[in-house]
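Take these sequences, add in the hints, and give me the full structure.
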Amino acid sequence: MPIAIGLEGSANKLGVGIILHPSSSTPSSPHDSAHSEDEAFTSKPTSPPVQILANLRHTFVSPPGTGFLPKDTAAHHRRWVVRLTKQALKQARIQLEDVDCICYTKGPGMGAPLGAVAIAARTLSQLWDKPLIGVNHCVGHIEMGRAITGAENPVVLYVSGGNTQVIAYSAQRYRIFGEALDIAVGNCLDRFARVLNISNDPAPGYNIEQLAKDGKCLLELPYAVKGMDVSFSGILARVEELARRLTTTTSTNPWLDPDTGLDITKSDLCFTLQETVFAMLVEITERAMAHVGAQQVLIVGGVGCNERLQQMMGIMASERGGSVYATDERFCIDNGIMIAHAGLLAHGKGFETKLEESTFTQRFRTDEVLVNWRD
Amino acid sequence: METILLPHLGQYPLQVGLFLDVQNARYLRQQLLDGNTEFEYAFLDAAVLLSREHVLAACFRAINDILQGRMKSKNVHSEIVFSLSPNNNISECFRRFGVGETTKNIVAIKVDNNASQIQEHLQNHVQGQIVPFTDETLASLRDEARVRKAYKVDSSSNEEAEAFIIGSMALKGS
Amino acid sequence: MPRALSITTHNASLGEAPLTPEWHSRTVASETAAHKMSFTAVPTASNSYQLNDSNEVQPLHSLPPPFTTTSSPGQTSSTKLIRQGAEALLYYTHFLSPSLPCALKYRPPKSYRHPILDKRLTRARILAEARVLVRCKREGVSVPAVLGAGWEEGWIAIEWVNGSTVRDAIFGRKTWRQENQASYEGGEKDLVGLMHKIGCAVGKLHQVGVIHGDLTTSNLMLRPTVSGAEGGEEPSATSAATPFDGTITLIDFGLAAQSSQEEDRAVDLYVLERAFGSTHPEVEHLFPEVLKAYGESYKGAKVVLRKLEDVRMRGRKKSMIG
Chain A
1 MPIAIGLEGS
11 ANKLGVGIIL
21 HPSSSTPSSP
31 HDSAHSEDEA
41 FTSKPTSPPV
51 QILANLRHTF
61 VSPPGTGFLP
71 KDTAAHHRRW
81 VVRLTKQALK
91 QARIQLEDVD
101 CICYTKGPGM
111 GAPLGAVAIA
121 ARTLSQLWDK
131 PLIGVNHCVG
141 HIEMGRAITG
151 AENPVVLYVS
161 GGNTQVIAYS
171 AQRYRIFGEA
181 LDIAVGNCLD
191 RFARVLNISN
201 DPAPGYNIEQ
211 LAKDGKCLLE
221 LPYAVKGMDV
231 SFSGILARVE
241 ELARRLTTTT
251 STNPWLDPDT
261 GLDITKSDLC
271 FTLQETVFAM
281 LVEITERAMA
291 HVGAQQVLIV
301 GGVGCNERLQ
311 QMMGIMASER
321 GGSVYATDER
331 FCIDNGIMIA
341 HAGLLAHGKG
351 FETKLEESTF
361 TQRFRTDEVL
371 VNWRD
Chain B
1001 METILLPHLG
1011 QYPLQVGLFL
1021 DVQNARYLRQ
1031 QLLDGNTEFE
1041 YAFLDAAVLL
1051 SREHVLAACF
1061 RAINDILQGR
1071 MKSKNVHSEI
1081 VFSLSPNNNI
1091 SECFRRFGVG
1101 ETTKNIVAIK
1111 VDNNASQIQE
1121 HLQNHVQGQI
1131 VPFTDETLAS
1141 LRDEARVRKA
1151 YKVDSSSNEE
1161 AEAFIIGSMA
1171 LKGS
Chain C
2001 MPRALSITTH
2011 NASLGEAPLT
2021 PEWHSRTVAS
2031 ETAAHKMSFT
2041 AVPTASNSYQ
2051 LNDSNEVQPL
2061 HSLPPPFTTT
2071 SSPGQTSSTK
2081 LIRQGAEALL
2091 YYTHFLSPSL
2101 PCALKYRPPK
2111 SYRHPILDKR
2121 LTRARILAEA
2131 RVLVRCKREG
2141 VSVPAVLGAG
2151 WEEGWIAIEW
2161 VNGSTVRDAI
2171 FGRKTWRQEN
2181 QASYEGGEKD
2191 LVGLMHKIGC
2201 AVGKLHQVGV
2211 IHGDLTTSNL
2221 MLRPTVSGAE
2231 GGEEPSATSA
2241 ATPFDGTITL
2251 IDFGLAAQSS
2261 QEEDRAVDLY
2271 VLERAFGSTH
2281 PEVEHLFPEV
2291 LKAYGESYKG
2301 AKVVLRKLED
2311 VRMRGRKKSM
2321 IG
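Taken in order, these protein sequences are the chains called A, B and C.
FYI, in the working numbering the residues of the first sequence are 1 to 375.
FYI, in the working numbering the residues of the second sequence are 1001 to 1174.
FYI, in the working numbering the residues of the third sequence are 2001 to 2322.
Since the hints were made in silico from the structure, they are not lab data.
In silico DSBU-like pairs for lysine-lysine, Cα to Cα no more than 30 angstroms straight-line:
#, chain 1, residue 1, chain 2, residue 2
1, B, Lys1149, C, Lys2204
2, A, Lys90, A, Lys349
3, A, Lys266, C, Lys2119
4, B, Lys1172, A, Lys226
5, A, Lys213, C, Lys2119
6, C, Lys2119, C, Lys2080
7, A, Lys226, C, Lys2292
8, A, Lys226, A, Lys216
9, C, Lys2299, B, Lys1152
10, C, Lys2204, C, Lys2292
11, C, Lys2119, B, Lys1172
So, in structure tokens, the structure goes:
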């Protein structure tokens, strides 16, 4: 029964996961994991369940008004990787001999943090004499999403701080149908949070979402959908302007909603931004669905945790007679288990990353990976 | 005269008559200015009309705008005249497209379903000869220079120009 | 204690079972003025229903006012749904006269969007398409005419173009060749002629400062040429008719924009090139003829062709940071 360790650190989350892929002959049995929230997830009847033996994560949170810098993030990952790995092994209650391979995020992502994790993976691989598997971060998200939700062949919306892509599977590739032309949607949200000094704990996007729930006034932002692609830099520039305006608003210099006469608040800006960018994402997803004739949508990536986005996607999908699949924060947000899972799938087909080739790269397109574990 | 039903607006039939060599344009115009309730008509100067389609496009726009709550002039008949114009200047529009003191050929339109009553009324009050409302006749009555000026086109005698004009009418006010 | 374990706010994973389709009432908020004479409020956007095999009510499609098909006197033309895209519904109907067929494009409201945003977008998109078409018409680019538009209600009525799409014409060529084996010896001359026509048509469009945004062989029509002022004359007995006779007319400007940027023009061509590659791989080798004709069609076209090389190399290789 193949077991893999996965190490993820392409941005500010360090994740260590340990996964078990039962071989088809052995009956599935729920495994008692030390992590109380994890269970054996059963996907659709056709595929055997994967078992999550450990899924730990530690996030490097920068102070409000700042973003996380590569150097500091790498240092954080170096500080935590040994501890998390030891803890994961303890929770999984496995022996070294049980581990089949060490999977790590080859890319895409931020250089220094990726490098810190790659070094850790190489070290483990040499220390324990286990093969290394370099994994594409996006493919990790997609495969984990499929396994958890059971979505057979969905159009995938992958949205995070570093990525925004609409993907559909075809002939052993995850093909990119549409994407952000400049910055990722999560990046747009994070930078907006900075201007308004919104806390980064647990994540800026999460706090924007909570504030947005109290928002009522929809201001006007540029809506930039170009065919199947989207663009966020214009929106960011405009919403930053609005945010700056808010900081200069006082009782003697008010900013009022023309319809209600109430003060424009932080919540209104959060609401405006979410409604606009999420509508754009749902639109390009719908276009892809119509183009390929898909009925299912799978949302993965950190921004995929957002319940408003999930709700909007659900409305769109149900109007087409389709359905939307999403996971919770254990799997939406960057984690090590998805790297272990995708890595083990590839390893099962004989894939291995030689030590000399165990590099990392900031640019690694989703469609570069040969998805030979699917037909 | 002719009863024309616009597809999708069939519950608002148009009674249309083309009158040649009208002698009492001044009188007709005065009735409109006075707001004489017996003269609720759209009187269009045939010299600036390109085709049946051109006229019907104006009628469609006018009726639809009223139904959607966007009327810009006083009533549906003035709205028809207004819809011929590529811009929002109402008085200029009536000068260019409506009946003037010396207008010779007039298209009269009423949105109503009582065809015979209207035909009788118009024949009694319009001193002109009623002829079939056709593209050929309209073409023969057209004043190219006035059309060019009203719509700012180089020529009005080709399909492209007419299509452009109808398109401009559709976009008016956007 | 690792921070990860303390996040417990979210529910368990979604989506084991598909969400039940909810019926959203699509009434378009419209103010209808009750005019003194005889104008009663026209029903707002109506929804046609059908019962499926299990006798469940399913939404069919919807129409904006005044096209809602409550029967009106003298209504002989029926409105037929031709295509249901992601963004818009395309209907065949008549406009202004029972003998004037038209394509009615309707952008229905999208429930997932905030209503204000939805209205803003629909309005902007209908207007953009109408304006581009009217502008093209004015400049002599072969496009269908705009007959009417209701941008608040989300519709545009466009002249119905007769003829076939280039896509169908190319597919049909095989059959045509088999049938005309004896009489036609032109080799690929007919295809080359078609490619030249396409290149010229796109060139003219770009020259006027418009980008189509979705150039595929389904959006290029071959409209039978009308010789003479009205109606066709008999085709000359000596000229052989080929499947590619007619004038190239561009349709579906739903993604069009007004731009003169070389980059945008190059991307327009690239989309067409890829469309040929994926839909008509057997004639793909003739695509350079399209570019040749394009390059000669206006001053500055050659620069766009050079830009196209850059676009090809980039493909979709844009920078990504994890």
